[in-house]
Amino acid sequence: MAMSTSRLLLMLLPCLAVVTADRSLSIMLMHLENIQGVTENGTQCSPFYFAGVQCSMEMEICVEI
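According to mature numbering (1 follows the signal peptide of the UniProt record, and there is no 0), the residues represented by the sequence shown are -21 to -1, 1 to 44, in order.
No lab work stands behind these hints: they were computed from the structure. These numbers were taken from a predicted model, which means no experiment stands behind them. The reader is advised that the hints may include incorrect statements.
[Claimed, not checked] Now the in silico label distances, taken between C-beta atoms and shown as ranges:
(1) Leu4 / Tyr28: 31 to 39 Å
(2) Glu39 / Val17: 17 to 25 Å
(3) Ser5 / Phe29: 38 to 46 Å
(4) Cys41 / Asn20: 18 to 26 Å
(5) Pro26 / Leu4: 32 to 40 Å
(6) Ile6 / Phe29: 30 to 38 Å
(7) Cys41 / Val17: 20 to 28 Å
(8) Glu19 / Cys41: 13 to 21 Å
(9) Gly31 / Ser5: 30 to 38 Å
(10) Val32 / Leu4: 29 to 37 Å
(11) Thr18 / Cys41: 16 to 24 Å
(12) Gly31 / Ile6: 26 to 34 Å
Positions of the beta carbon are idealized from the N, C-alpha and C atoms, including for glycine.
Generate coordinates for the entire structure from the input sequences, incorporating the hints supplied.
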């Protein structure tokens, strides 16, 4: 399934990365809430969606050198 540019940008905004010349990598992840309460395929991500419960997003980062 192709990811839209706006969705990809939304996912990358909370992740700030800085790469320096000595090959170190600093990553700061910030909390990201799924305000709609649904996943990309349209299913509810919480059994309490009817009460307005939002879903926290988990990010996985892989760095290969």
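Going down the list of hints, with the structure as the test:
no.	hint	in the structure
1	Leu4 / Tyr28: 31 to 39 Å	holds, 36 Å
2	Glu39 / Val17: 17 to 25 Å	holds, 20 Å
3	Ser5 / Phe29: 38 to 46 Å	holds, 40 Å
4	Cys41 / Asn20: 18 to 26 Å	holds, 23 Å
5	Pro26 / Leu4: 32 to 40 Å	holds, 37 Å
6	Ile6 / Phe29: 30 to 38 Å	holds, 35 Å
7	Cys41 / Val17: 20 to 28 Å	holds, 26 Å
8	Glu19 / Cys41: 13 to 21 Å	holds, 20 Å
9	Gly31 / Ser5: 30 to 38 Å	holds, 35 Å
10	Val32 / Leu4: 29 to 37 Å	holds, 34 Å
11	Thr18 / Cys41: 16 to 24 Å	holds, 21 Å
12	Gly31 / Ile6: 26 to 34 Å	holds, 31 Å
In summary, the structure agrees with every hint in the numbered list given earlier.
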